[in-house]
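With the hints as extra help, turn the sequences into a complete structure.
Quick mapping for you: the protein sequence lines, in order, are chains L, B and H. The numbering used here applies: residue 300 is where the first sequence begins, and numbers increase by one. The numbering used here applies: residue 3 is where the second sequence begins, and numbers increase by one. The numbering used here applies: residue 116 is where the third sequence begins, and numbers increase by one.
Be aware that a few hints might be false.
[As the list claims (entries may be wrong)] Below, a list of computed lysine-lysine pairs in the DSS-like style, where the Cα atoms sit at most 27 Å apart: (1) LYS306(L) to LYS400(L); (2) LYS8(B) to LYS368(L); (3) LYS368(L) to LYS400(L); (4) LYS212(H) to LYS6(B); (5) LYS567(L) to LYS619(L); (6) LYS215(H) to LYS6(B); (7) LYS215(H) to LYS8(B).
Keep in mind that the hints were calculated from the coordinates and are not lab data. All of these numbers come straight from a predicted model, not from anything done at the bench.
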Amino acid sequence: MASITIKNLYKYFPPSFALQIDELMIKEGEFFGIIGPSGCGKTTLLRLITGLTAPDRGEIWLNGREITKTPPEKRNIGLIFQEPRLFPHFTVEENVGFGLKMKKSRRRDIKAKIDEALEMVGLTGFNRRYPSALSGGQKQRVALARALVLEPKALLMDEPFSALDPELRVEMRFLIKKLQQEKKITIIFITHDREEAFTLFERMAVMQEGKILQTGTPLHIYNQPQNIKVANFLGINNILPGYIEGNYFYTQGFRILLGAANQNQTAKYLLLKPESLKIVNGEEDARPFLTGTIEEITFQTGFYHIKVKVQSQSLNIIQKYQPGKNFTPGAEVKILYHPEEIILL
Amino acid sequence: MWPKIKPYILILPALLTTITLFLGGIFGGIIRSLSAGKPGEISFYAYAQIFSSQDFWASFLFTLRYAALSVLIASFLGLAIVFGLFYVRMEINSRLSLFLQRLLQLPMLFPFLVAAYIIFILLSPHGWLARLLFKLNLAGENSFPLLVNDPFGWGIIIAYVFKTCPFIILMLYPVILKIPKAWLEAGKVLGISQAGFFRKAVFPLLIPPLKTASFIVFAYTFLAFEIPYILGITYPKAIAVYAYQLYTSGSLSDRPLALAIIITSLLLIAMISCLVHIITRRWGKTIKPGGKENGFQTV
Amino acid sequence: MVSRLFKLLIPVFLTGMVLLNIIPLLLLIFLSLGSSWMWPHLFPGPISLSSWKYVINPAAGSLPALKTSLQIALTATLINLILAMPAAKSLAHYHFKGRKACELILLLPALIPPWAVITGIHKTFIYLNLTDTMSGVILAHLLPTLPYMVRALTISFASIDYSLEEQAYLLGGNKSQTFFYITLPQLLPGIAAGSILSVLISLSEYLTTLIIGGGQVLTLTLVMFPFVNGGNPSIGAAYSLLFALMALITLFSLDTFINRYYSENKLY
Ligand SMILES: Nc1ncnc2c1ncn2[C@@H]1O[C@H](COP(=O)(O)OP(=O)(O)O)[C@@H](O)[C@H]1O
Ligand SMILES: [Mg+2]
Chain L
300 MASITIKNLY KYFPPSFALQ IDELMIKEGE FFGIIGPSGC GKTTLLRLIT GLTAPDRGEI
360 WLNGREITKT PPEKRNIGLI FQEPRLFPHF TVEENVGFGL KMKKSRRRDI KAKIDEALEM
420 VGLTGFNRRY PSALSGGQKQ RVALARALVL EPKALLMDEP FSALDPELRV EMRFLIKKLQ
480 QEKKITIIFI THDREEAFTL FERMAVMQEG KILQTGTPLH IYNQPQNIKV ANFLGINNIL
540 PGYIEGNYFY TQGFRILLGA ANQNQTAKYL LLKPESLKIV NGEEDARPFL TGTIEEITFQ
600 TGFYHIKVKV QSQSLNIIQK YQPGKNFTPG AEVKILYHPE EIILL
Chain B
3 MWPKIKPYIL ILPALLTTIT LFLGGIFGGI IRSLSAGKPG EISFYAYAQI FSSQDFWASF
63 LFTLRYAALS VLIASFLGLA IVFGLFYVRM EINSRLSLFL QRLLQLPMLF PFLVAAYIIF
123 ILLSPHGWLA RLLFKLNLAG ENSFPLLVND PFGWGIIIAY VFKTCPFIIL MLYPVILKIP
183 KAWLEAGKVL GISQAGFFRK AVFPLLIPPL KTASFIVFAY TFLAFEIPYI LGITYPKAIA
243 VYAYQLYTSG SLSDRPLALA IIITSLLLIA MISCLVHIIT RRWGKTIKPG GKENGFQTV
Chain H
116 MVSRLFKLLI PVFLTGMVLL NIIPLLLLIF LSLGSSWMWP HLFPGPISLS SWKYVINPAA
176 GSLPALKTSL QIALTATLIN LILAMPAAKS LAHYHFKGRK ACELILLLPA LIPPWAVITG
236 IHKTFIYLNL TDTMSGVILA HLLPTLPYMV RALTISFASI DYSLEEQAYL LGGNKSQTFF
296 YITLPQLLPG IAAGSILSVL ISLSEYLTTL IIGGGQVLTL TLVMFPFVNG GNPSIGAAYS
356 LLFALMALIT LFSLDTFINR YYSENKLY
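Encoded structure:
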């Protein structure tokens with residue numbers, strides 16, 4: 300397992316896409332995530348690291364050795380795509396053993412390693428099956444075994460589970476997390492799924508339009524997003540424009556009380572996390588509040604997603620479902636907020 | 003630099019071979035057809051000869067007639083068979099359809115000369131069909147129509163249809179394989195019969211490969227030798243027979259003539275094909291206003 | 116009403132067409148096994164193997180002719196493969212100036228019976244001492260067969276899944292390993308199709324072989340020609356069947372050979 304360092308990496312795709320990464324370091328044994336909207340260059344970055352795409356300039360280092368010009372077959376970096384890319388004319392064991400065979404490993408070793416790898420991904424006994432006889436999840440497990448059996452210096456995964464159905468996706472996340480902890484594999488994992496990011500990553504980078512906007516632990520980024528784009532992408536979708544005067548942030552039609560740490564700044568935006576807001580029906584509470592009208596309610600697995608109109612603006616609020624507590628559209632409600640949980644940008 | 007010239011280098015060996023043999027052959031033919039006069043001089047004597055020769059034009063029209071008729075019949079027959087195979091695939095069994103397709107490919111195992119021979123033993127005045135009709139009291143010993151070595155060229159046409167129809171099926175069948183059953187079911191929901199579905203959705207997809215196949219068959223048939231040699235008559239001769247006999251007549255002075263006939267035929271085939279292409283392009287457009295997708299959308 | 120008629124008509128029509136393909140074959144078999152075919156018998160007289168004996172008889176020269184036919188067809192096919200592989204890759208994967216023109220030139224010879232073109236370079240063949248030799252005939256046979264090989268392989272190359280090649284590189288396969296284990300298996304159906312067409316066309320060739328071979332290179336089509344052109348019908352039938360048998364066996368062994376190759380190059 301090894302560390303990966305990227306310096307001044309640049310790749311241009313005509314007519315208009317450019318990937319530019321000034322510096323990125325992934326530590327040995329780290330579960331590193333990359334998250335960003337579709338088309339922002341995540342796949343391109345992984346292809347550059349594996350050598351499938353050549354950069355226009357810049358350097359890629361693996362474990363203190365520069366590999367920018369090394370061909371992909373000599374890098375021993377595993378890459379798992381969204382689709383499993385199994386060789387259709389080979390059986391499961393031939394697929395898994397392919398890399399070892401190419402390296403001309405001893406036959407007996409190959410056999411043992413294949414069985415071990417298949418056991419790791421929970422496919423013991425599937426040796427003689429052809430890919431056409433496997434389910435989507437099983438295929439992706441074979442792809443995983445095929446990469447792991449080579450003991451790669453790093454394992455890159457490009458939205459590997461996004462084609463699977465939700466239950467299977469959770470199961471696969473569990474599996475990869477377990478394998479990563481057992482084997483201390485360096486992993487770079489791409490997703491555009493926030494939930495996946497928060498469950499899996501030790502550290503992550505948020506990308507947009509070919510650039511890295513911020514790196515850090517998922518929680519750190521969530522609590523201190525560097526700009527609106529990052530915040531928005533992480534699901535902080537109450538972004539109010541305005542200005543600070545005294546203890547208050549003034550936005551269109553209302554003002555919000557600031558906590559002690561937040562005063563005297565020149566912030567232009569105030570951000571409210573949707574789950575940090577609480578709707579109350581009138582009972583008293585000491586916290587500061589806003590008043591508004593419920594516009595829209597949707598229910599999703601244990602949570603209400605509620606839109607409340609406050610003056611001319613809409614706030615998105617996530618509330619845990621509680622028996623006996625109901626929301627009705629059109630109702631006048633109070634929205635409680637924590638001055639300390641406010642983000643100013 | 004390397005990536006720029008790589009495709010050219012890869013294609014070069016095959017291209018050089020073809021250019022040498024094919025373009026070399028045609029240019030060689032042109033040059034030799036122009037060498038009927040004094041050595042080293044260009045002479046149009048051979049062309050003047052054949053253009054003014056009744057034999058040539060008789061041969062040409064005879065050849066054009068059987069080539070056009072056989073390609074028309076083979077195309078229609080091929081299309082009908084492919085429709086049948088489509089029906090079997092969709093409604094009965096796709097394996098059976100594939101098996102029938104293979105069986106219908108049988109004549110491709112025989113060379114042209116065997117195809118000619120088969121038509122001869124089947125259709126000659128004392129051939130198998132004549133005997134069958136005689137046994138069934140449907141024809142007398144000498145009342146069987148002349149179908150081989152006949153002045154119209156029926157024997158030649160039938161032999162070509164027999165030999166080229168499998169080729170047309172071979173070119174069209176893959177299209178059928180690509181049409182998912184769901185299409186037909188969607189059509190049925192909308193109340194469209196198989197025939198209607200075939201006409202509206204499948205037929206437009208078949209037109210491009212059918213045009214290619216019939217073009218190949220027509221051009222090839224025009225100058226092919228064996229079938230008209232075995233099943234034709236002495237006058238008018240098929241172009242191929244006419245040219246080849248001049249070529250090997252023993253008198254070297256006839257060779258420019260033979261080559262002029264070949265070159266002229268090639269030019270005429272090219273012109274006729276262009277003409278047909280232009281006409282059917284318009285005709286194709288009225289059937290299929292849009293791209294391939296449209297064939298389905300009209301359902 | 117119409118559709119019920121249709122349901123009845125289609126099987127009848129297809130059966131008729133299949134019969135029209137099978138009857139000639141049966142007739143050839145009967146004919147080859149009979150000694151005489153007197154009017155108005157539907158089938159030839161007493162069963163006799165004399166035609167087959169004649170055909171097989173060394174004096175008739177059909178076995179050497181068969182060998183010559185196969186030698187020419189297989190060599191031409193091999194050369195076609197070597198020439199067409201890179202050309203097809205180029206046509207399928209690169210966008211270069213003149214690609215369409217190159218493709219047209221490569222496919223054009225399929226349109227014209229090769230003898231008509233060969234007459235134009237007959238003199239060059241004579242000059243290079245290629246007439247009356249097997250190499251000359253093989254060279255001439257490239258003309259009608261190469262286009263089909265190029266076409267089949269181009270389709271094959273165009274449908275290759277390159278993501279699998281990438282995957283092979285990622286797993287440490289070098290260029291030749293990747294070609295051998297991943298690319299080639301995907302090309303095999305195209306190789307089989309191209310080879311089958313190439314072999315069939317070469318075996319069937321008559322006039323080109325006669326012109327370039329000058330009657331010295333005797334293939335089966337040359338040997339059988341006098342018999343199918345008004346000669347003894349029984350011997351003609353036997354020759355026709357011998358030809359079909361040769362073609363069938365060659366195609367079948369080609370198919371098995373390719374399949375065997377395919378399965379032997381599995382990893383274990
Ligand atoms: N081989 C290529 N040639 C040209 N443009 C490409 C190529 N690969 C990717 N791109 C472009 O680069 C951008 C980023 O693509 P990608 O890395 O696949 O994004 P992501 O994986 O984040 O969705 C897209 O605009 C895409 O169109
Ligand atoms: Mg991507």
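Taking the hints in turn, this is what the structure says about them:
no.	hint	in the structure
1	LYS306(L) to LYS400(L)	violated, 34 Å
2	LYS8(B) to LYS368(L)	holds, 22 Å
3	LYS368(L) to LYS400(L)	holds, 24 Å
4	LYS212(H) to LYS6(B)	holds, 10 Å
5	LYS567(L) to LYS619(L)	violated, 30 Å
6	LYS215(H) to LYS6(B)	holds, 17 Å
7	LYS215(H) to LYS8(B)	holds, 16 Å
The structure does not agree with the numbered hints 1 and 5 stated previously, though it agrees with the rest.
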